[in-house]
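Starting from the known structure of chain A, fit chain B onto it as the hints suggest.
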Amino acid sequence: MFQFKWLWHNLKGDRARYIIALCLSVIGSSLTIINPYIGQRIVDTFIAGSDAAQNLRDERGLLIALGLGMIGFSLLRTGLSYFTTLLYERASQNMLYRVRIFLYNKIQGQDMKYYDRNRTGDLMTKMTGDLDMVRHSLAWIIKTIIESLTVFVAAVVYFFFIDAELTLWLLILSPPIFIVAFIFARRVRPMYVDLRERLSQLNTITQENIAGNRVVKAFAREEFEINKFTDKSVNYSEANKKAALVWLDYFPYLEIFSQGFTVILLISGGLLVMDGRITFGEFSAFSALIWGLSNPMRSIGIIINDIQRFFASVTKIMEVYYASPEIANHHNAAVKRRYQGRIQFDNVTFKYDGVTVLENINFKIEPGETIAIMGATGSGKTTLINLIPRFYDAAKGRVLVDGTDVRKLELDELRGNIGVATQDVLLFSDTIDGNIAYGNPDMPEEDVVKFARLAAAHNFIEKMPEGYNTIVGERGVGLSGGQKQRIALARALAVQPPILILDDTTSAVDLETEEHIQKSLRELDFACTKIIIAQRVSTTAEADRIIILENGRIIEEGTHAELLAKRGYYYEVFKLQNEGIGREVNAHGEK
Amino acid sequence: MARNKFDIDENLETPFNIKHFRRALVYIKKQQKPMIIAFILSALSAGIALSAPLIIQHVVDVTIPEKDKSGLIFWSVMTLLTIVASVILATIRSRIMTRVGQDIIFDIRTDLFKHLQELPFQYYDDRPQGKILIRVVNYVNSVSDVLSNGIINFILEILNLLFIAIFMFAVDAKLSLVILAGLPVFMCVILLIKTRQRRAWQNVSNKSSNLNAYTQESISGIRVTQIFTREKHNEGLFTRLSTNYRNAWMRTMYLNFLIPFSVDNLASIVTTAIYFVGLLALGPEEVTFGVILAMSSYAARFWQPILNISNLYNSFINAVAYLERIFETLDEPVTVSDVPKAKELPPIKGHVAFNDVTFAYDPGHNILENLSFNVKAGESVALVGPTGAGKTTVVNLISRFYNITGGEITIDGHDIAQVKLKSLRSQMGIMLQDSFIFSGTIMDNIRYGRLDATEEEIIAAAKTVCADDFIREFEHGYMTEVNERGSKLSQGQRQLISFARTLLADPRILILDEATSSIDAKTERLLQKGLNELLKGRTSFIIAHRLSTVKNCDKIMYVADKGIAEAGSHDELMAQRGRYYKLYSAQKMEAL
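Chains A and B are the protein sequences, given in the same order.
The UniProt record's numbering numbers the first residue of the first sequence as 1 and each following residue consecutively.
The UniProt record's numbering numbers the first residue of the second sequence as 1 and each following residue consecutively.
Pulled out of the complex, with its shape left as it was, chain A reads as follows:
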């Protein structure tokens, strides 16, 4: 029942509304009994009764009153039901709205480890299908339970007043219905868990196909993709059928038992009438309202079915709802200080999945310095810079910014002081202006242009049909690699951070442009510590210091000249890049 408690918790703000809706449901369901009753009165008094003709002559007023009363009650009941349904819809939508935003924030707040483990398609399933199931539980399941229960209880109470014995005979059918429903629930539950998982897989396959559509086309893998998709689609479809067929295994019993109320009434009621235990009128009263017992019983199956689906979905949602990231941003930095930009790695070791990625890293960067990091693919460069804004935490040692361990700093403040242009350029489906101003959405257009100029992006942006208002696709599709990188750079510069991290940001930029960018970086009008990851000596040459990483350790450190003199890794790279790869390969081959 924890799931329902959870619902109740999230209903905060709409609890009163929801309870009113439940009460109105009870009233409304009771009213469903009244109209047939009035109809019956009219028939008894004016049509079927022994003194009907007499009544019709003398009591026209009563007839009109009853008729109008019928319309009035109908208006009242349907109006009430309209109002009640909207209350349910409103309350459930509000809850959906709150949970959705809560989940969104939760997802936004998860650390990188979480994202390494969870597929986009699965998170999307949670945010769509699963959430809708939760809404459905409030808007429909609970409502139906209450309404069925009201009708059932009202009918039972009414019947008890007429005849207790007959009522007990009728109730004989309830236990088997409950037992069948219980068995059904136990059997169907894992199926919905499975069904949900397959929906998530279908979502994942489709999402990756869309995201990777260029690769699919480049390899002419359309058929392969279609087969892969069809496989998941069949799986999902089969699971759907399987769950539905299990329901249909139990449906006949539930349905026959529910409709069996009529049969029991016929036999036991008939016998009681014959024995003179009850009157014919009492028997008629029973048969007029027997639907009050059978209809709620018929709903049980569907309710159970939906509750199981709800459980399957809500479990998945709670995973996110209660997930607590190891690195959490509490967003409670009241005043955000501007850092000086001093960075220190104090004996830092970092492990990922048990593999040591960084080992005993020690270095210091003074405010305003420019540090270049170079190293082989997979040597840990990106990991190293990821530790500064705390995308991950070090396993051993400390990362200090302005002398304070980053784990003791407010994340909002820390990250707000760092501008990063990532290697894998992620742009958003927004205008170029919106992308550059990502860190500060209120930035005036002149500033956006200014930073675009600094990043050597202004010229090509201006040439676009709609300039800064051009919408770029998700991940910047439609732009060349170099263009994307420059927009990402402008975006990082635009927050004017005291710490600027450029992760191989100019790899796809031509040299002339890169020169321009380096000049801008030298002449920034704000104080800034720069950490630049690069593969090109041309990029690193002017740094105050260069750090060379190999297998997670620092193997060389010093200025361009110092490292060249050392004749180590850096020197080799320098040689390679200047003498041309072809010749080097030949030379290598001749050795």
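Because the hints were derived from the structure by calculation, they are not lab data.
Certain hints may be false.
Unchecked claim - List of simulated lysine-lysine pairs, BS3-like, C-alpha gap at most 30 Å:
#1 A/K450 x B/K232
#2 B/K536 x A/K575
#3 B/K522 x A/K364
#4 B/K30 x A/K232
#5 B/K522 x A/K519
#6 B/K232 x A/K113
#7 B/K463 x A/K351
#8 B/K114 x A/K242
#9 A/K336 x A/K113
Claimed, not checked - Sample of chain A residues facing chain B (criterion: CB under 8 Å; computed from the structure):
#10 T230
#11 H331
#12 G482
Just so you know, even glycine gets a beta-carbon here, dropped at the ideal spot from N, CA and C.
Positioned in the frame of chain A, the structure of chain B alone reads:
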């Protein structure tokens, strides 16, 4: 450039019309047989269910007054039998229809996905991914019930209505007209709200699409969001989208529930009218009490199917908002496709020629104009030039990712527009700037290049691109699970994996678009060694900014000003002292 972003509603090209309806029927027609059987079963089940009240009537009127106990038991058993029979028939119908409903949406989903595979880059570039995703998964799911059970129930209810109407008229025509008098009122209600309801549901589909797009983007862009501490601002945007969705939804609900509300009231007004007209206006002289009694029960029975139909109508109008989006996607033109009677492209030798090629993404904005060049089989060509000059465009045209606006591109003399796309692309190896990694093992990701490759071949390819070492360092080696965004792989490692993937495909023409930009110089050198072997005898196009990479190519083309500004070998271009010379010298200078 993209046309749509997360907070822009998509305009519907053609709203739902009779043509769409016919298309929906195509899917339904495939299930004709089981649907007819299901329909017959339902009719039988309903017919049998009708006999129960008759039996009960008999018991009440005859058996009980006669105190016929054995008769009572007999008839009770009969009632039970009719219930059992009708429930069993209904169950069989549901079993059939479960399959039918699933099969219909399976077919739609498959067609939709197949069509999406044929759509050009442009389609994907134009809109957020989440908006495509929601159509394939959520929208299709939403129409299942309407297209299967909805149709059968609709026909059943109509038949039901007709039968009741016939019985009704047989009993008393005048009072039947009273019952029917409610219908025009009901029609007016429907007409009044129909357009609004349509618009409201379209709005819901738009808003949920926007919300989906933004959610998806937020997930894939999470790193950027966190580093820019934009969480609060994004929450605001997301809240706005959620509010829009909630408002859109509530609007449909206000309208939707008006329908059962009016049907219910009309039913009770009509029933009352029967009593008034029958008892007060006409009186016992004209209609007997029995007739009034019968007609009042017919009134209730007549309006029940109408209530059911109007509920079906509600779900139909909801489904239409999704169906029109699905069909819109299916109607999206496939701009790059096989021409009729396209030939298979024979094994490529590698002679590539551009003759007067002109190309524009948007009409009027030519990217390339009258571009002509010739590449002999086995030559390696480097494309250099400023970013955004169109280097990637040139190589994209060779694989016919876009149709050219003018001129002709030939491979070994075959116009690539005249050959089957698959035969063309499967012989090309393209390594893109963006190295996409699918979720799965590293092994599977490399195997994507050639599906029937053995493990040895995969490992050999990985070794060639120097990826073997780092892959083996993972605990599970080649079986390590990786995914789209995860940080298990560095950018350079991703490039190496996608490089191995390309090599495995053993392409006749190799295209490397900034393939090694994130790879360090030392690895690149090792890589180059293996690559040189591979490039032998294959035509290759290489886009790179590091001139050291391109220098050794047979031919270098400097792409600028909508065409090729300079072309020739490194030495030739250096001798020309033109733009390449300037670029090269700058790089040398810079490095020294």
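**Item:** Indices of hints not satisfied (ascending)
**Value:** Violated: none.
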